[in-house]
Amino acid sequence: MPPINFEQELNPEQLKVIREGDGPCLVLAGAGSGKTRTIVYRMAYLLEQGIAPEKILLLTFTNKAANEMLSRVEALTGVNARILWGGTFHGVANRFLRRFASAIGFKSNFNIMDEDDAHSLIKACVKETGAAAVHGRFPSPAVIKGILSFAVNSRITVEDSLEQKSPGLFRFSQEIKDIGELYNKKKLAGHLMDFDDLLLNLVKILRENADIRDRLKRHFEYILIDEYQDTNPLQAEMISLLAPESKNILVVGDDAQSIYSFRAATVQNILKFPKIYPGTKIFRLETNYRSTPDILDLANDVISKNLAQFPKDLRSVQKNFEKPVLHIAPSAEEEAKFIVKKISALLDAGINPRNIAALFRAAHHSQALEFELGRRGIAYEYRGGVRFFERAHIKDVLAYLRIFNQPADEAAWRRILIIHQGIGETTADKIFNEARGFDSIGRIIDHQFAFNLPERARLGWQEFKSVIGKLLEYHGQNPAELVKALANSNYRDYLAAEHENSDDRLEDIGQLAVFAEKYDTLTDFLAEAILYEGYQARAANSTDGQRIVLSTIHQAKGLEWDAVFVINLVDGGFPNQRAMMEDGGLEEERRLFYVAVTRAKRNLFLTYPETARMGGLSWNTPSMFLSEIDESLLAENISKITDDAEYVDEDALPSEALAKEGPIEKDWKKRSFLRSIDEL
Numbered sequence: 001m002p003p004i005n006f007e008q009e010l011n012p013e014q015l016k017v018i019r020e021g022d023g024p025c026l027v028l029a030g031a032g033s034g035k036t037r038t039i040v041y042r043m044a045y046l047l048e049q050g051i052a053p054e055k056i057l058l059l060t061f062t063n064k065a066a067n068e069m070l071s072r073v074e075a076l077t078g079v080n081a082r083i084l085w086g087g088t089f090h091g092v093a094n095r096f097l098r099r100f101a102s103a104i105g106f107k108s109n110f111n112i113m114d115e116d117d118a119h120s121l122i123k124a125c126v127k128e129t130g131a132a133a134v135h136g137r138f139p140s141p142a143v144i145k146g147i148l149s150f151a152v153n154s155r156i157t158v159e160d161s162l163e164q165k166s167p168g169l170f171r172f173s174q175e176i177k178d179i180g181e182l183y184n185k186k187k188l189a190g191h192l193m194d195f196d197d198l199l200l201n202l203v204k205i206l207r208e209n210a211d212i213r214d215r216l217k218r219h220f221e222y223i224l225i226d227e228y229q230d231t232n233p234l235q236a237e238m239i240s241l242l243a244p245e246s247k248n249i250l251v252v253g254d255d256a257q258s259i260y261s262f263r264a265a266t267v268q269n270i271l272k273f274p275k276i277y278p279g280t281k282i283f284r285l286e287t288n289y290r291s292t293p294d295i296l297d298l299a300n301d302v303i304s305k306n307l308a309q310f311p312k313d314l315r316s317v318q319k320n321f322e323k324p325v326l327h328i329a330p331s332a333e334e335e336a337k338f339i340v341k342k343i344s345a346l347l348d349a350g351i352n353p354r355n356i357a358a359l360f361r362a363a364h365h366s367q368a369l370e371f372e373l374g375r376r377g378i379a380y381e382y383r384g385g386v387r388f389f390e391r392a393h394i395k396d397v398l399a400y401l402r403i404f405n406q407p408a409d410e411a412a413w414r415r416i417l418i419i420h421q422g423i424g425e426t427t428a429d430k431i432f433n434e435a436r437g438f439d440s441i442g443r444i445i446d447h448q449f450a451f452n453l454p455e456r457a458r459l460g461w462q463e464f465k466s467v468i469g470k471l472l473e474y475h476g477q478n479p480a481e482l483v484k485a486l487a488n489s490n491y492r493d494y495l496a497a498e499h500e501n502s503d504d505r506l507e508d509i510g511q512l513a514v515f516a517e518k519y520d521t522l523t524d525f526l527a528e529a530i531l532y533e534g535y536q537a538r539a540a541n542s543t544d545g546q547r548i549v550l551s552t553i554h555q556a557k558g559l560e561w562d563a564v565f566v567i568n569l570v571d572g573g574f575p576n577q578r579a580m581m582e583d584g585g586l587e588e589e590r591r592l593f594y595v596a597v598t599r600a601k602r603n604l605f606l607t608y609p610e611t612a613r614m615g616g617l618s619w620n621t622p623s624m625f626l627s628e629i630d631e632s633l634l635a636e637n638i639s640k641i642t643d644d645a646e647y648v649d650e651d652a653l654p655s656e657a658l659a660k661e662g663p664i665e666k667d668w669k670k671r672s673f674l675r676s677i678d679e680l
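Going by the numbering used here, the letters in the sequence shown line up with residues 1 to 680, in that order.
Treat the hints as calculated values from the structure; they're not laboratory data. One thing to keep in mind: the hints can contain errors.
Using 25 Å as the maximum straight-line C-alpha spacing, the simulated SDA-like pairs for lysine to any residue come out as follows [stated by the list, open to error]: (1) K272 x Y289; (2) K123 x L459; (3) K395 x S502; (4) K312 x F283; (5) K217 x G279; (6) K177 x S261; (7) K217 x K395; (8) K247 x L271; (9) K518 x D446; (10) K217 x I276; (11) K272 x P293; (12) K319 x L307; (13) K177 x A142; (14) K470 x R383.
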């Protein structure tokens, strides 16, 4: 193949990395700056310089990214991609372990377990230790695996992992440690490894066997690592043990996009890289090919408030288009209506639905928007989870309420009974067949069954009765209060024991209670919740498969859209209240906001509702991130609540708000916006 014209293919910033990337190098690649292109051409340059393909190691986070890079290198150089050492951290570790696993007692043909396999083995360990029998409602295998995994990847103790991930389960710390030890023994005995073991066992081999470590250090002349800001302590340790004697290690990443601490990733890996590898050269890729200057000006302003960072100043190659818009809506429903109106206008202007996205900090923030999109017949693709009313815990709550509303609902009985310990399909059948003769849920839970429930099923039936008892204590049919009663029942204990993200699920249920406040009767609320799915089915069937995107910001990293809406920018929502309590949490939340902003190419809308319904009217405080933005970077109409009277629905406003008189004074960016209810 002809020589590559690097000067023609790369900008000066990228070219500098390609030619001067020997020794320890840190490439700070801003959003949309062509980092993948830089890595690909750096590898091509090394091959052109005569470096043997097998002497280069590329590490990434996904097989898709690895395959894309290696295939592009092959297309540029003609070198067979199979010769190159490239892949994910886990994939490369697996290749090493096939050669060296015997050093720690594993056979080279060890099997790798997927998550289901791991959960099954942990379940066996729970049974063997007898922990669940002693404690009753005990953490599920998935929760235990999550606690053990976080400890491994963070290089911390199980106790520390519990404190950070699941403090409510700390009372089980000794039992979880015992289960972890037995789990490890069973894996060694069966020559099994889970995904975490691939990294952990490789690190163990490299630490304990100097000959193997030195052999690998001498073999590789260059190591290149993508998305270094997303590495965890275990991955950083693996890299340090593999680093070539020449220290030719080049890492590419953006500290401003380090947002995965909940997966054990730490921004400190990239921030401390120059100290760990003395003599590090630092390169900056600051030319942005994605966003307009207006959007980048705001992004630069946002991230400048972080103290722990490598300062960067992104510069756009695009032309000016429109300044980002801040829209303040009277309520979450009106916020959703504004967004849907703007989406409709963008679609009418010819924007492909796939180039429009609404992003949010947490999944429960999307409920009002999902409902409005369904009502307007606009189909969407949900990323970072499942649609609000399709989530298991939402379906559980609705099933409890369906039984409460109509005790003859067999489908709801079958769903709910089997989530309680000791109740399987057969026992559920027996319970329902006897319960179906009663027309009152109160009479059912007081009934003495003609058959004997097994011992563990009796515990499950008591749990069920306790949950229903919470509903009966309320003595009413107000759907919002009934949802809150469920959230305060022992169903929350079930969530904590079964799911790592139980707090997020409780927040979803809280949002369901807000949604329920619009309805006077339980029957009407349940009907509307079910009809919502009908809205979405019609919308999906009326399109050719092209849908707008709704996504958590975490799931949106690395993606881009022409138009982006960042929603629910209120205090306590974004930045997230729980995250703010963690060490470095505020700065990570600001990085998350920066990631959201830099997903937009041409249009950026920042929105939040002024009021919230949660047991009555409350005023939202705007996110502190909004107060930090220089007002000159936003469109001039930022003080406008709505720009179209038809989008103000007084029925959607809290009755308390309509009853208020006079101006409502709110402070935002050291300035008062006077609002009167008449203006709404």
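Given pair status - S502, K395, alpha carbons within 25 Å
Since the Cα atoms of K395 and S502 sit roughly 15 Å apart, the hinted pair holds (cutoff 25 Å).
Holds or violated: are the alpha carbons of K518 and D446 at most 25 Å from each other?
32 Å, violated
Straight-line alpha-carbon gap K470 to R383, limit 25 Å
34 Å, violated
Proposed proximity, Y289 with K272 (alpha carbon, max 25 Å)
28 Å, violated
Going straight from one Cα to the other, do K247 and L271 come out at no more than 25 Å?
18 Å, holds
When you check the alpha-carbon spacing of K123 and L459, does it fall within 25 Å?
It holds: about 19 Å lies between the C-alpha atoms, which stays within 25 Å.
Compare the distance between the alpha carbons of K272 and P293 with 25 Å, and conclude whether the hinted pair is satisfied.
31 Å, violated
Pair hint outcome, K312 versus F283 [Cα-Cα no greater than 25 Å]
Judged against 25 Å, a Cα distance of about 11 Å means the pair holds.
Distance restraint between K177 and A142, which requires alpha-carbon spacing of 25 Å or less:
15 Å, holds
Hint check: K217 vs K395, CA-CA at most 25 Å. Holds or violated?
Given pair K217, K395 is violated - Cα atoms ~53 Å apart, limit 25 Å.
Can the restraint linking K177 and S261 be considered satisfied, given a maximum Cα separation of 25 Å?
Between K177 and S261 the Cα gap is close to 23 Å, so the pair holds against 25 Å.
Hint check: K319 vs L307, CA-CA at most 25 Å. Holds or violated?
The given pair, whose Cα atoms are some 30 Å apart, is violated under the 25 Å limit.
In terms of the numbered hints stated before, the structure departs from hints 1, 7, 9, 11, 12, 14, listed from lowest to highest.
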